[in-house]
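When we follow the numbering used here, the leftmost residue of the sequence shown carries the number 4, and every step to the right adds one.
Since the hints were made in silico from the structure, they are not lab data.
All values reported here derive from a predicted model rather than from experimental measurement.
Please note that the accuracy of each hint is not assured.
Stated by the list, open to error - Computed beta-carbon distance windows for the label pairs: (1) Glu230 to Gly124: 31 to 37 Å; (2) Ala546 to Ala233: 47 to 53 Å; (3) Ile556 to Met411: 43 to 49 Å; (4) Glu185 to Gly60: 17 to 23 Å; (5) Gln382 to Ala533: 37 to 43 Å; (6) Thr354 to Leu14: 31 to 37 Å.
Backbone N, C-alpha and C define an ideal beta-carbon position, used for all residues, glycine too.
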Amino acid sequence: MNTDHDDRANLEPCVVGVDYGTLSGRAVVVRVRDGAELGTAEHPYAHAVLDRELPDGTGLPPDWALQVPADYIDVLRIAVPEALARAGVRPEQVIGIGTDFTACTVLPVLADGTPLCELPGLEGRPHAYVKLWRHHAAQAQADRITALAAERKEPWLARYGGKISSEWEFAKALQLLEEDPELYALTDRWLEAADWIVWRLCGTYVRNACTAGYKGQLQDGAYPSREYSAALNPGFADFVTAKLEHPIGQLGDLAGRLTAEAAAWTGLPEGIAVCVGNVDAHVTAPAATAVEPGRMVAIMGTSTCHVMSSDQWAEVPGMCGVVDGGILPGLWGYEAGQSGVGDIFGWFVRTGFPASYAEEAAALGRDAHEHLTALAAGQRVGEHGLIALDWQSGNRSVLVDHDLSGVMVGLTLSTRPEDVYRALLEATAFGTRTIIEAFEAAGVPVEELIIAGGLTKNALLMQIYADVTRKPLGVIDSAQGPALGAAMHAAVAAGAYPDIRAAARTMGKARPAVYLPDPERAAAYDRLYAEYRLLHDYFGRGANEVMHRLRRIRVEVSA
């Protein structure tokens, strides 16, 4: 039990935030008065990410990424009671619970919310499972969705930077229809996991405005038309009206009250406020006090999502979307992102960390990432002679193409693991600079970059980002930014604050300008960034389609 906070805090109202990430769910108990985080707990998903086979051994093709929805319920059963116990907070002090989720993470369910993968006889059907955000096997459908919208001059296409992602609701649903029409017909609702978990908590299905706008192509109160959907595939004509469309809940609204069943799972009181669902990145912005225009929040974990609010609307090429009130009421909310960041670093450690380095790291009491970072930190900018493209998981922004792949240029027989590791760190920073430049070229200024997520603990990475982007870097003052943001929205839903801006003023936490760009290093990075952009445009804008050709060969051979 945590005894570091005073006992008086245990008598005050609290809220719970639950952040559903890629590999685990995290719960935090937060004091309403000041945002103090009194207790946290994390529960890894038992099935993690299904990208090779289903639990019954059924194999999966390349680019699939699925999850098991029962793992999400386990987070409520295990992490929430554990966080409550660690906080030393009595259940009756909790007045609300809020949740956030990775997006677009979607699943097919029956009318009562039962996931298809839980039905007898469907355990071996891949399309019956949750499709995680990084499921990229619907790229062909996404390409058709974009091409048809451009051909028909659909007005909503500009709101998404001119391209629709394979990660989003329409592409994944169209893949379901075309590859398993029987399961598509069985699907009563196609919904975000963010909304499914809220449904399980309060017994009411409410579609949240954030995922509907950014991932479901809802703009100005309307989805793409029936005529458009029918032109994609005649069987897709009634997708919106039959499986997707549902009443929208605004961020911070009350979705319902905690059911007796969910109270038994969590140990929380039946009847407390359950907040409308939200997306992990977007919910973090107010937690990082980014409630004014020009403050971009980059939530850095396995991937990075860049979100920012602005008082002006612009068409920003390659953005994931711009939604009125998508992050904060009264402002346009912009989203961009990189599909692989921490995942790329993790991949290299798994595949490129030699045994001799492991022995050195163990002797120094470091893990692999700490050891490579320490070695890389001693280098001057450009010393390793490498440049990389950060596309091992495709490109989300600004190219919106998940058939792209990673590149490393400059390898020699003297290249060391720390050289490659640093080049990968730098590549992700170059990707973020590309996104920032796209915003600014479209007339949406980025004044400050605020970093949230687990990668903030890597000081070298943070300094590289400051130097590469030439922006002051603030850092969220919370290890659980999304969960804190979810808890803040729960406080609003419970009536403790009139709106999320008021909650952010007292519950949000960030340290401004923790890392400042160094002019000499920034100038050196400008030279490397110019090389990055040459590779970026050469491989990403059609001059050389080798990545797409290799992907097709891989799919053919795998099939």
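Quick rundown of the hints versus the structure:
{"no.": "1", "hint": "Glu230 to Gly124: 31 to 37 Å", "verdict": "36 Å, holds"}
{"no.": "2", "hint": "Ala546 to Ala233: 47 to 53 Å", "verdict": "36 Å, violated"}
{"no.": "3", "hint": "Ile556 to Met411: 43 to 49 Å", "verdict": "20 Å, violated"}
{"no.": "4", "hint": "Glu185 to Gly60: 17 to 23 Å", "verdict": "21 Å, holds"}
{"no.": "5", "hint": "Gln382 to Ala533: 37 to 43 Å", "verdict": "20 Å, violated"}
{"no.": "6", "hint": "Thr354 to Leu14: 31 to 37 Å", "verdict": "52 Å, violated"}
When each numbered hint is compared with the structure, violations occur for hints 2, 3, 5, 6.
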